[in-house]
Structures are given as structure tokens and as C-alpha cells.
Amino acid sequence: MPPKVIKGSLTRETVTPAPRSAPPPMERGRWEKPIVEKEVVSAKQEARDIVRDAEIQRAQMLEEAQAQADQLHEKAVQDGLEEGKAQFTDEILRARTHYEELKKQIEPSYIALVRACVEKILGQELHLHPDAVVGIVRNVLRDATQQREIVVRINPADQENLKKHKGKLIDVLARAGNVELRADPALSRGGCIVTTELGTIDASLERQLSVIEAALKDELELGLAPAEADEGADEQPEEEYAEEEGYEES
Numbered sequence: 072m073p074p075k076v077i078k079g080s081l082t083r084e085t086v087t088p089a090p091r092s093a094p095p096p097m098e099r100g101r102w103e104k105p106i107v108e109k110e111v112v113s114a115k116q117e118a119r120d121i122v123r124d125a126e127i128q129r130a131q132m133l134e135e136a137q138a139q140a141d142q143l144h145e146k147a148v149q150d151g152l153e154e155g156k157a158q159f160t161d162e163i164l165r166a167r168t169h170y171e172e173l174k175k176q177i178e179p180s181y182i183a184l185v186r187a188c189v190e191k192i193l194g195q196e197l198h199l200h201p202d203a204v205v206g207i208v209r210n211v212l213r214d215a216t217q218q219r220e221i222v223v224r225i226n227p228a229d230q231e232n233l234k235k236h237k238g239k240l241i242d243v244l245a246r247a248g249n250v251e252l253r254a255d256p257a258l259s260r261g262g263c264i265v266t267t268e269l270g271t272i273d274a275s276l277e278r279q280l281s282v283i284e285a286a287l288k289d290e291l292e293l294g295l296a297p298a299e300a301d302e303g304a305d306e307q308p309e310e311e312y313a314e315e316e317g318y319e320e321s
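For the sequence shown, this note's numbering gives the first residue as 72, with consecutive numbering after it.
One or more of the hints may lead you astray.
Claimed, not checked - Mimicking DSSO-like on lysine-lysine, the simulated pairs with C-alpha atoms at most 27 Å apart in a straight line are:
1) K191 - K175
2) K191 - K174
3) K175 - K288
4) K174 - K288
5) K234 - K191
6) K191 - K288
7) K191 - K235
As the list claims (entries may be wrong) - With beta-carbon atoms standing in for the labels, derived distance ranges:
8) S180 - A254: 33 to 39 Å
9) E171 - P201: 42 to 48 Å
10) H200 - D289: 26 to 32 Å
11) L293 - T160: 47 to 53 Å
12) E171 - M132: 56 to 62 Å
13) E277 - E153: 52 to 58 Å
14) D273 - H169: 49 to 55 Å
15) A166 - Q217: 53 to 59 Å
To be clear, the hints were calculated from the coordinates, so they are not data collected in a lab. Where is the CB? At the ideal position from N, CA and C, for every residue including glycine.
With the hints as extra help, turn the sequences into a complete structure.
And the structure:
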């Protein structure tokens, strides 16, 4: 049996949607807030990027400026050092030249002064102690102890004193058979020239002064102080007269 169809009037119902009301102000602000925050974050990030780039550029500029400053400073130092070295070298050369000039001017007069002092000291010594020449000749004869024939040339003013003490002269000789004293006016007082069969010993005052002069020149060349040179010159007569004490006239 076919199903029954109940027919009735169909009523179409139309539903009208209610009008949308605007959200309350508070809710509207809440919806828009994420958009505003995104823009703020973006602006802040961009600002940070700008600041960072500026800092990097500033650091690079400072580094470059420092490098340039270091280069300029190093160059200035090197230039200054080279200039200072050159000036120092010039000053040293000028000082050395001046020193050599002074030495050439002073050396002759200095040596002449020392020689005059030595001559004066010897002259005074021989004047006060005429027998001092005996000690001088004895010292010279010690270099001729093995010789038999000996001739001693001396200044005439010293001859008499040497004759009086001839025995003291022979005492220092081991084999001498004869010691002859000859007066020689060419010799200064205080000096002598001893002649043996083997040669001559020049102990004249002139020779001794020449030795002193040579020693002084050597000392000046080595840069020794004048006081040191004078001291050596003053000691020479003392060595010559070392034998003076204890002599007695016969």
C-alpha cells in the first residue's frame, strides 16, 4: 500500500538578521591594539638598526682616525729621531774638532812648561845637594856592571864631587878595571854619558827630558788629564835621586 501523503500548505518563513551593532569603544580598541604594537615594534627595530649602523660606522671612523694618528705619530718620532741623531753626530764632530785644535795649541806649551819645571827642580836639587849627581851616575853604572873599561862624561861642575865619591861609583861595578871621569861642557849638570866597550848609555839631562816629553805626548794622545801627566813628571827626579841619602864624604 503506497504511503500516504499528507498535503498541507507550506509556509515560507523568512528570518531577517538583526542589525549589527558597533562594538563598544573598549572592545574596538582591543581589536586594533595588535596592529599598533606591530608598527611600534617595527619602528623601534628600525631605529635600533640605524643606531647600530651608526655605531659601527663611528667605530670604523675612530679606528681609521686612530690608525692615521698612529702613523703620523710614528713618522714624527722617526723624523725626530733621525733629526736628533744627525744633530748629535754634528755636535760630537764639532766637539772632537775643537778638542783636537785645543790640544794642538796646548800641547807644545804644556810640554815646555813641564820641561822648564823639571829643569828648575833639578837645578835647585843640584844646587842644594851637589852630591846628588853621585846617585844619578851610580844608577846609570848599574847598566854597565859587567864592563871593564868605563868612561863617564859629566859637566865640569859635577866632576869634583864625583871624584870625591869615585869609590861609591866603583862599588856598583862587578868587573870594572878602570872608571875614567871626563869633563864635558856640552852636558848639563845632573846628567852623564857612559861609554863602554859595548856601547854608550846616554843619561844626559837633555836625553832624560826628551824621554819625559815623549811620555807626556803619549799620555796626551791617550787623553790623560794634565794632572796625571804632571804627577808622572814630578816623580822622575825622585827616582834619579833615590841613591842620594846615606852618602858621606870621604
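Going down the list of hints, with the structure as the test:
At roughly 25 Å between alpha-carbon atoms, K191 and K175 fall within 27 Å of each other, so this suggested pair holds. Simply put, K191 and K174 have alpha-carbon atoms about 25 Å apart, close enough for the 27 Å limit, and the pair holds. Taking the CA atoms of K175 and K288, the gap is near 11 Å; set against the 27 Å cutoff, the hint holds. Between K174 and K288, the direct Cα distance comes to roughly 10 Å. Compliance with the 27 Å bound is thereby established for this hinted pair.
Annotation: proposed proximity of K234 to K191 holds, straight-line Cα distance about 25 Å (limit 27 Å). A distance of roughly 20 Å separates the Cα atoms of K191 and K288; the hinted pair therefore holds under the 27 Å criterion. Restraint check for K191 and K235: satisfied, since their Cα atoms lie roughly 25 Å apart, inside the 27 Å limit. One distance hint, 33 to 39 Å for the beta-carbon pair S180 and A254, holds here, with the actual separation near 35 Å.
Between E171 and P201 the beta carbons are some 45 Å apart, a value that agrees with the proposed interval 42 to 48 Å. Distance hint check: the CB atoms of H200 and D289 are about 31 Å apart, consistent with the given range 26 to 32 Å. Taking 47 to 53 Å as the suggested C-beta distance range, the pair L293 and T160 does not conform, at roughly 24 Å. Distance hint for E171 and M132: a CB-CB separation of about 58 Å, consistent with the stated range 56 to 62 Å.
At roughly 56 Å, the beta-carbon separation of E277 and E153 lies within the given 52 to 58 Å, and the hint holds. Checking the proposed 49 to 55 Å range against D273 and H169 shows it is violated: the Cβ atoms sit about 39 Å from each other. Our hint of 53 to 59 Å for A166 and Q217 holds, since their Cβ atoms are close to 54 Å apart.
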